[in-house]
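Asker: The lines below spell out each chain.
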Amino acid sequence: MLLNQFLLLAAVLFCLGVYGVITRKNGVMVLMSIEMILNAVNINLVAFGAFNGTPIGSVFALFVIAVAAAEVGIGLAIVLLIYRNKKSIDFSEVDLLKG
Amino acid sequence: MDFTALAGLPVADVVAFTRPAIDWHAVAPELILLGFGALLTLIDVIFLDRAKQYTAALAGVGLLATMVPILTLANDISETGPRVMFDGAFVVDEFALIMKAVFILSGYVVILLSTNYIGEGDYWESEYYGLMLSSILGMVVMASSRDLISIFVAFELLSIPSYMLATWKKRSLESNEAGLKYYLMGVFASAIMLYGMSLLFGVSGETILTKVNASLTSDPLTGDALSSSTPILTLGIIFVIVGFAFKVSAAPFHSWAPDTYSGAPIPVTAFLAVASKIAGFVALVQLVFVGFYARADVFQPLMWILAAASMIIGNLVALRQTDIVRLMAYSGVAQAGFILAPLAVAGDVGDQALSSIVSYLAIYAAMNLGAFAVILAAARKTGSTSIESMNGLFSYAPGLAVAMTIFMFALAGIPPLGGWFAKFQIFFAVVEQGGTWAILLGVLLAVNSVIALYYYAAVARRIWADEAPNGDLTPIRIPASLSAALVLTVVATLVFGFLPGSISQFTDVGLIAGG
Amino acid sequence: MSLSSLLLFAADAGPALPGYTFAGPWILRNVWLLPLIPALSFLAILFFGKRLPFKGAEIGIASVLSILALAIVANIAWFDHRDNYESEKAEDAAGLLLSDEYATVAIDGEPDSLLLSADAGEGGEAAHGSTAVRNEATWFQSGGQEFKVGTLVDGQAVMMLFVVTFISTLVHVFSTEYVAGDRRYTHYFAFLSLFTASMLLLVVSASTIQFITAWELVGVCSFALIGHWWEEKPNSDAALKAFLTNRVGDIGLLVGMIILFFSAGQTFDIVKINTMALAGEIPQRNLTIAALCLMAAVMSKSGQFILHTWLPDAMAGPTPVSALIHAATMVVAGVYMIARLYGVFFVGFSIEGSPVNPMALIGMFTLIFAGLLAFVQDDIKKVLAYSTVSQLGYMVMALGVGAWTAGMFHLFTHAFFKAGLFLGAGSVAHSVHSFDMKKDMGGMRKFMPTTYKTFIICTLALVGIFPFAGFWSKDEILVGTGGWGLFGGTGGNGNYTLMLIGGIFGAALTGAYMTRVIYLTFFGEFRHVAHHDDHAVDHGHADDAHDAHANHDPHEHGPAITIPLILLAGFATLIGLVNLPPGFITGNLESWQERFFHFYEPSAAAYFPAIAHGTPSYTLAIFASVVGLLGVGLAYFYYFVLVDRKSKAMGESLTELPNGPTSKFGILKAGHTLLVEKYYLDHLYTDVIAGGTKGPLAKAVYWFNQNVLDATVDGVGRTSVIAGKAVYEHIDQTVIDGAVNLSGVVSSETGAGLRKTQNGKIQQYAAYLFAGATLLAGVLIFVI
Amino acid sequence: MISLLAQISNGDDLYVAQNIFWWFFAIVTVIAAVKVVTTDNIVHAALHLVIVLAGVAVQFVFLGSEFAAATQVLVYIGAIVVLLLFGIMLTRGSLGDDGLVDTERRGLGALVALLLFGLMAFSLVDGFEDVLLPEDSRNLVEVTTPIDTDIDDDEFIRQTRGSDTAAIGDAIFESYIVPFEAVSVLLLAALIGAVVIARKE
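Residue numbers (my numbering), protein chains in the order written: chain A, 128 to 226; chain B, 5 to 519; chain C, 41 to 824; chain D, 10 to 210.
In isolation and in its complexed conformation, chain A is listed as follows:
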């Protein structure tokens, strides 16, 4: 199989995630897009691990997964906090600070 098959698939997922984080208003949906971006990176890492014949790719991916879990956890905590204070998780309304 071609290495680029995987890499390009990852690139597609990455860019879709980017599109998502820019356009989604709902906080939880932004978090979902972030997960997609991180997954894209994981595909890259594992594919390169296979390409180079080393387990480091998978190791790296595992670290990313662990960190992503932590990140999504606190991301959700912050989203919930904002929801409690604002009764809304519309990120486009979170713009008190600017200038």
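What the hints contain is simulated information worked out from the structure, not anything from laboratory work. There could be a bad hint or two in this list.
As the list claims (entries may be wrong) - Sample of chain D residues at the chain A side, in silico, Cβ under 7 angstroms:
1) Val46
2) Gln68
3) Leu72
4) Leu133
The structure displayed is predicted, hence computed values, not measured ones. Think of the CB as a built atom: it goes at the ideal place given N, C-alpha and C, for glycine as much as any other residue.
Using the hints, position chains B, C and D against chain A.
Answerer: What follows is chains B, C and D alone, placed relative to chain A:
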């Protein structure tokens, strides 16, 4: 492709596991910090509210205790050379130790700043300090990381607690927003950085920076020597650097900084603006000097652009700020531009660029923490961080006014205060290289230091020249810990300026040991 | 011929002497004491000042008195060293013990077969060169580069040490009364001490990096002292303007010094840089660029056109500060820097043998330009400020034409008489609580006789009237332009004819505007009316503190103010004699000529260029004096005759001739012929044609008197005023200030535009992040 | 695709079945991913996300990294998606279509995403055009020591099934012990912090 694994067919491979040799002395700072963090959590769990008043002190003691192995290591290393562990993933050299010391000391000052703020503000205390310690642990680990995975994890370890610290004023919408923005931008930045790391890992098959560096000079497929970079390498290097450019709030990746700084609790802002930013620079320095050094044709132009953009954008926008914390944020963007400047010539004048950056970081920590200490103290009375709230500070708090003037002029680079030496060394390193682009960057540095003076001096002018709001001249009660922080930073700023040798003898480090 | 003469000859014939030594008298090796004492005094005043009976002033005065004493000792030690060092060395080499004789020879000036030529003219000076005394220590080390600090003491430095300490002492004394009762009295003295320390540090700097530090420090002190009464917004604005304008020049300073650093093989050592520049070891191109950059610093610090705008504004500070900082010391730092790095400028601008160079041109332009501006100021301090700018122009021009000694000599004399003028102005203003000559002064000679007399003396010195100090130094500058055969002047470093003309013209301007000041301030009737209170608000000076006296008549002050004035007037009278031109006197006293040149110019040192000296000419001196007096005369006629006559006629104290339509009518009625240009021809025709038949001669004389003389005076005066006003309003206040402000506005507006991108929407930021990363990567992949 | 066709026409040793599977999963994943970022229904988005995550797990299997695949399923699908669903519930996201989930920033988002993709695709094609993956990456794991029952303190010698799981474990504890410990601190800190942030006062 092999589906045998899926089918579960046994394959009799045998792999040896070698227990890695661990140099306990070299990891002692991390372990002590970890121990105090755990202790803090345990005490909180066991004694609950009864221990609340001691948590700040315990955190402070923990940081100071961490300085002990750092000093003994420094002594050791000067005789035996750098300690390298885990195939070069973890290195304790002069650079690492200096930066660790800077992190620990600035963390200590931040804790001094936090003591009354957090205690009086009815915030979660022991968790606050616990998270602060774990973030500092991340920084300390970062200073020794010479490996992509370690750098990534250290980056996350120092970032994730600070996302939460920025949100710590839970009932304040501004604080929530500050935390959210910081969190989201941080996650996006780490995503970009990870993508870049994946590409670099892909072409080299390694994560140890020295090995990555070695692989950058030859084509990953053919093994031919590369005269210039390939798109894939360029993309990888740039994406990794962008991730840290976010952390150091370099333009155009600075947009989170002003918003986060102005919304977060002020001690946390000081922490983000100083310790966290320095950690970003430490990572950048390690990446550039160890990981990408062979690809100066990529990182130099990139750093040039980032430095120039940061200086210009940071300074220009700072001119229009009305909030002192936002002003500090934009000034921080401009300062980041200054610190990035030597990296734009690092390929040619490596040692000098490195030591100028290290000096700048140490001096920057003192000046900026001091400025935030004054802002914090002034806000105790005025309850506001608008620049107007600094008006007439001199008439009711002359000590603070003098201190703030010192910090402002130091930040502006007026000799003989600390900042001048920092700026001077940067300028010196950049011009030393001597090429057209370096000279142009030097001119930009000079011009920007003048622009910066406008807003720094404007703050000083308000302090001295304007009337206090409502003619209220009641003095500010400054708690002991805050005074201690002020004294420390003022002394450091003055000493670094008058006796630059006091800092340059430490920061005069050679190229970083890569393991 | 003795052995020692052979040695001296050998030195003459060979390469120039290095020009410095690390040995020498103790005081010259330890001049770092001079900046140290006031620095300590600064701290002492800050910490203990308020608790002392005189609120810290006593510490300040004690410290300046002690450093004044040290400076005098240093000067004396230098005189001895200057004359005897070479002979001591020669004697060491030859094993002879002639030092005593040499000392006598040099000091008494008795002709000696060995040193005849050395004393008689410059020809022999090479054999008897000046040897600077150095001392240094390592400040810090960085990147394998040692940063040294040290002291470099030569004639220039000891001269400046004396000027700074002397003026500073007088200003301290003056200030005890002038700012008495001020609420920041203690801080004021603290900053005076700090300023003195910084200035002395600058003076003795041996390395460029140290020089830059001191340069910035004096800037900060100036900022603090200009803004001393910061409660008034104009004052603090002025302080900021001064600071910012100076920073523009500082870029030049920094860049220039860095270029020199690298060009001279990575050294900050001033002596080495100069030596290499002169030895041709630095490419001419580098030197030129460095000199141009440094010129920017000179322009800002020493108020040269076009970066001079801060200096008049800086008059918002207390008057003694203006006298010290903005007349005698800090503003000459730029001139001093040129003199210090003269090798660089001399080679960089090819001063030798060319008819024009940027430095001379800037100096000349500034001296004329500022002279014109001085005409239209109503604020006495602003007149003096523009006058200072103008005189600094003279100094820069002098250095630009290669007349090093003339420039430094003018710096020296100017310090005394201009400080005297400023303090005099301060004394007057202290009485009337205002600086506005037109509204609040007039007739002050009756109230303040001492101030009046000293002010007149200092004015004479400034205008360059024989034999006051300014005459000698200005004449020497004109001589130094060199080469214009018309006045018999010869020598010099080039044919700076244009500068000669400019300098002479500037002398006329000086005479004219100073006469105006004298009239408006000291003559006529006291115009101070009860509007003082509004007035104080407009001007916001120190004198607000003295509102209690507001309604008293002006009166002379106590000794703390008059004694400094008298001392400065004395210096303004006599100090010019220290550099009598060669050939002025003959006989036994011949050796008293050119003492300033002899002791203070570092001749024959490798770090100093071999400059040629112009030969003085009586014709030139007389011509320049006449032109200067012409300026005085015209202004005198206008103010003391026409305006005075008009004032008496109208029964009030006028400040200029009324020239509105109604007053013209009044003029005709009163039978006075006030000639405004428009009516000039009408009068000519009516008088000549109508009066031609009766008493033609008497009529003609009368006509000549009334029309031609008056018209000329009036025309010249008015033209100058109009020119000055036009320049002031259209160029100085609009174009230059505009340009200075424009950069700020553009930056600020760009900032405002950029600020809009920060719209608070997090996802917008995300887009910036990703787009930024993409664009950066795209640029680096596809473009670079 | 073109290179794939080229391989077929060249008669290279092709894994046709694998490629067909791969394309099937890839297309499904991409379609689901598009739905995640475009659908107006937040619950649908979450469910589509499950498909994407599962698709990524399949990619890991294709790449011979079963351990990563298993972790992917456990952590992402098992934990993170559940967490997100809780988030949706707690923030009372509507179960039906929600017109307010998108912003007007679509054009910008599309532009940035396309530019980014263009850049990545260009670089990837330029760098790895037609590069084949090794047939079995695990063959490269070298056998260093024969089986030995003597276990001494410093050198553990284990029999392994030869999967990458063992190699991963070895790598983590040989070279990446510091980041591993750091991640544990990180998870603890995130846990404590998230509780403090999210809990009601």
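Asker: Run every hint past the structure and note whether it holds.
Answerer: Verification of the hints:
no.: 1; hint: Val46; verdict: holds (4 angstroms)
no.: 2; hint: Gln68; verdict: holds (5 angstroms)
no.: 3; hint: Leu72; verdict: holds (4 angstroms)
no.: 4; hint: Leu133; verdict: holds (5 angstroms)
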